[in-house]
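As they're listed, the protein sequences go chains A and B.
In terms of our numbering, the first sequence opens at residue 1323 and continues consecutively.
In terms of our numbering, the second sequence opens at residue 733 and continues consecutively.
For the record, the hints were derived by calculation from the structure and aren't laboratory data.
Note that CB positions come from ideal geometry on N, CA and C, so glycine has one too.
A few of these clues could be false.
[What the hints assert, rightly or not] Residues from chain B shown here face chain A by an in silico Cβ test under 10 Å; the list is partial:
hint, residue
1, 741
2, 749
3, 751
4, 755
5, 783
6, 785
7, 793
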Amino acid sequence: MTHPQDLSLTAQAEAIRTGDLDASELLDATLDRLRERDGALNSTPVVFEDDARRMLDAAPPGPLHGVPLTIKDMYALPWRAARNGTPLDLFPPTESGAYRRLRDVGAVIVGVANQHEAGMGTTGALSAYGAHGNPWQPDHCPGGSSGGSAAAVGARLVAGSVGSDSGGSTRIPAAYCGVVGLKVTYRALPYDGYFGMNTTFSAPGAFGRDAADARLVAEALLARQLRANASELRVGIVRDPFWTDSQRDVVARCEHALAAAGWMVRDVIIDHLELAGAALMTRLAAEAGCPPAVVLDALSPTTRALMLSSLLRPAAPVARADRVRAAIRRSVAGVLDDVDVIAWPSVPAVAPRLDHPVVELPSGLTSADMANMRHAVLGNLTGQPGISIPVGFVDGLPAGLQLLGRWGEEALLLAAAEQVEVATGREFVDAVPPVAS
Amino acid sequence: MEPGLEAHARAVFAKAGIAVTDEDLALVLLIHAGYEASSAVLDQIDPAQFPYEPIDPSRAPER
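Isolated chain A, as found in the complex:
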């Protein structure tokens, strides 16, 4: 008999609705699976058995009625503070906006998704809960900072999860773990009780094994239907550096997906793209700032030093970063007047080992963080939605194609992901990692 967590999120919700699956039995099976399978991954270090049962007992009818999800440690819940991957209660327990949206459609939050400490990394190697692993090769990075969300969905521990994305933190782990990750438009849902409320970049992210599942999570978060037709998209390609400086096999998988989808593809140019990384990092560091000593003392040496270093930074570059950001926002808006989406590899190289998070690109060896951020920042500088779609494997690890869309056009991105899935025979979204076999 099929384990209910081997069903898609969509199938779970439908089976509950029709009475073919009992929500209480699904919760029990999910708790069992987390206990049995998460040891090697550490994707969901905190499980809410009692609170999940209470949430299920009170769950209203809705599109996600009775379906278990995990949520990143950046969201406060009524029974638990948000810790942001640290040992400290940083945001007091409350009904965060994301929690309310999930609760109102009947979802059951079954655990906290692990994340890179304080959201300050894209590897998953650092966390108060310990490093977390990739379902395809557990000693490789799951990505970050929403690595626990992507790993749990990829490993079929849960079928959906909510993460966040301030500098690629949804799209990067989705690519590393071979799942769909949608960063929604900035401020598209209530930000109260969410760590991202204090930045001008951060947006929640929806994870699913395929586009339909990510759509269910995103529709809950955004409280609206997300249907569109993507059969005839105009796709813009920013050739340099996104395609020219990515691993050859990653590029080949992305090119194959675009060709299979049958879209019209043409090169586009985004002005001042070479300044985007510096603009985002400068602004992001200024906004993150440095927490009080009691918080610093609880952090790993690396994250502590990252935060301390913000105290040394001059203000002048922040003003320049804002000027650059304004110019880049104009340029991207102009490009998206002429094409429907912009496409490039979600990450330039597949997931490196957790103990050596370095990748080799045509331009040379570089830290995975730097490489990943380069491919992520546009969506955060502009606030527009972005998605990572599984498009194949390189050395047994997933590769992802990123699409950046217009403001509020999450529906088109999800439809585009579905188009790629159909065009590739669902080969990559239905692939089962060894940890889930």
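Following the hints, position chain B against chain A.
Leaving out everything else, chain B in the frame of chain A:
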């Protein structure tokens, strides 16, 4: 490393009431050097090419 940066850093952290170890400081200075290197491109921009304009990040970018 910029001359005097270490002393400046110690003074800044002391003023903020944050005790730092030599190991902390070494990491901070390493990170700061990386930041300086990566943000140097922002020092080169021509203000005329990048006029100041207010951004509302909660609204769609416009051409």
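Now the hints, each set against the structure:
no.: 1; hint: 741; verdict: holds, 6 Å
no.: 2; hint: 749; verdict: holds, 6 Å
no.: 3; hint: 751; verdict: holds, 7 Å
no.: 4; hint: 755; verdict: holds, 7 Å
no.: 5; hint: 783; verdict: holds, 7 Å
no.: 6; hint: 785; verdict: holds, 5 Å
no.: 7; hint: 793; verdict: holds, 4 Å
Taken one by one, the earlier hints all hold for this structure without exception.
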